[in-house]
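Student: For reference, the chains in residue letters:
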Amino acid sequence: MAEFKEISPNASAGAKLNNWFDNRFPTLFAEYRKHMSEYFAPKNFNFWYFFGSLALLVLVIQIVTGIFLTMNYKPDAAKAFESVEYIMRDVPGGWFIRYMHSTGASAFFIVVYLHMYRGLIYGSYRKPRELVWIFGCAIFLALMAEAFMGYLLPWGQMSYWGAQVIVNLFSAIPFIGPDLSLLIRGDYVVADATLNRFFAFHVIAVPLVLLGLVVAHLLALHDVGSNNPDGIEIKKGPKGNRWSPDAPADGIPFHPYYSVHDIVGVSVFLMAYFGILFFAPEMGGYFLEYNNFIPADPLVTPPHIAPVWYFTPFYSMLRATTDTMVHVLMVIIVLAVILNFIKSRSSTAKKGAIAVIGLIAIGLLAVFDAKFWGVVVMGGAVVILFFLPWLDRSPARSIRYRPGWHKTVYAVFLIWFAILMVLGIMVPGPIFSQGSLEWLTNERVALVGTLFYFGFFLLMPWWSQLGTPKPVPDRVTFKPH
Amino acid sequence: MSDAPPSNFTPAPLDSSKRTWLIASSAAGAVGTVALATPFVESFSPSERAKAAGAAVEVDISALKAGERMIVEWRGQPVWVFKRTPEMLATLKTTESEVADPMSKRTDFPTPVWAQNIDRAQEAHKDILVVVGICTHLGCSPVEKFKAGPQPSLPDNWVGGFFCPCHGSTFDFSARVFKDKPAPANLVVPPYTYLSDTRLLIGEYKKA
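These protein sequence lines are chains A and B, in that order. In terms of the working numbering, the first sequence is residues 1 to 481. In terms of the working numbering, the second sequence is residues 1 to 208.
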């Protein structure tokens, strides 16, 4: 407990008020210093560092617009679709609030994907920032749940059938699956009960989790300090700057330096965001799908259903997992076991154990349906992100100081991710309608993409160690302007 | 908080009986938590109203012409009543080698014993296929692709059947899934009974 501070009676009214609060609620001041005015962030941030604060901005937009939408929305299968149309047509300003929310959903994913990519290229998940990354991945997962459940609420055809497909994913889990998906839906098909509970999850349960995770993400970040484009630990560098003799020399206070800096990012972001909102709120059917302007009909599936763009890479991986994929995986396991026998320097017992694990894996692949493995692949594609801190063994953290060809590896990964995204939007079957390329189906290309996606992560412990990294400087590279 | 204990501080001796009571009361608390959580988890399962909506429905099929399909709602699901032409039935022989489970023997989406044949129908009305029109993959409703021949999303030797627009599974005229498709099993044959030649009760099977 701090001493009660007396202040001179001649002090200004502002100083007196300040003192009054400081004596009664010192935490407020301490936290402000810890997280704002005395949080020293590296001075060499580039534009990639806008996306964290932009994600926070979009979160605020979503919460505020969401609160206003609930004032007119009705979570009832008989009324939901028309209540959304009512918001769009009859509620003054309703269209604006609703488009802010729907554009915000896509903007959230754009910003978060870029934020994650930043972490990927600069090694921001490396020790000691593993938990920052893990909380971030959990935020991504919660965000996916939030977006998926929110998408059911307009009760259009795409809402309905999208939910039908995703809830049925759980029924692929052996033994408990069918009961689990029944428990999620609360009915034999997606119905009023499902809509009502998704509403509850979307407006209160998941947002609470999301907010808690965001707080954990930021607290953990502020404990270990921010990474930077050079991947250098500024806390290990020389000490002392204009503000404090103990602070890292390459650090500057978050407020006002980065808080003001971020305003530039916010301005650019808002221009793009409102540009979309006013001129292309449906974004050609990618942000709001055309089929969702038709009320949900449990008896008719629309001729082409696709999830919203941000889920499509994972969706294509799901679609690519047929028996062919299962056979390919079996072959890969066999090859890996053989390679381990020839190349690895580990003991024979260990090699034998790996062979046994491989055999069990092949057995499991044979026993359960491709449908179940599709769900495993789709879930695994997200879960694997959590393990990134332990997969990356490169001596250099940032892409700047890694061997040049690592950039090519990242580029190939990115290109395949983009291809998977496009494939997930397209209809299944041959990509080109003309005859000679009929073998080139969506599923086959997606299969190759899925292998590249997982190969990037699962082979990372090996490829990230290869090559000679460039010399890492002692201080961050920074040019004052 | 950060104050160090005084130098003459000695920790109290461990009182094991206290620990026993702590464990016992924690266990009691855990039991109480589970008991308290039960009604909340239970509330997720289908309500009595949803269960009641699962009752059998009666359908009049007298107006159904050969080659036509009608869709009936049962338990909120689309049930197809599909009267096949002799030509359609003839294709079932050709698809026999291309489908994953020609005799519908799989047990995870069980087909009633009386429908474990190539027509997947009841003996007395072989031309009429009754199936739940929900793909066994992820629950989309497949669409009609009755026209034979090459067309987008379908193989060139297509003889007619159904196509799931979501993940590309294809089914023949007996709703049997083709090999190497995302859907693991043939479409489900619900229990149904012919009350007469033109009246069908979907949701209940009574032996004729």
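FYI, nobody ran anything at the bench for these hints, they're computed from the structure. Among these hints, one or two may not hold up.
[Unchecked claim] Partial list, computed: chain B residues near chain A (C-beta under 10 Å): (1) Ser45; (2) Met103; (3) Thr107; (4) Asp108; (5) Pro110; (6) Trp114; (7) Gly139; (8) Lys147; (9) Pro150; (10) Asp156; (11) Pro182.
This one's a predicted model, so the numbers in the text were calculated from it and none came from an experiment. For every residue, glycine included, the Cβ atom is placed at its ideal position computed from N, Cα and C.
Student: All the hints need checking, so say for each whether the structure fits it.
Tutor: Taking the hints in turn, this is what the structure says about them:
no.	hint	in the structure
1	Ser45	holds (6 Å)
2	Met103	violated (18 Å)
3	Thr107	violated (12 Å)
4	Asp108	holds (8 Å)
5	Pro110	violated (12 Å)
6	Trp114	violated (23 Å)
7	Gly139	holds (4 Å)
8	Lys147	violated (15 Å)
9	Pro150	holds (8 Å)
10	Asp156	holds (7 Å)
11	Pro182	holds (6 Å)
Hint compliance for this structure: hints 2, 3, 5, 6, 8 are broken, all remaining hints hold.
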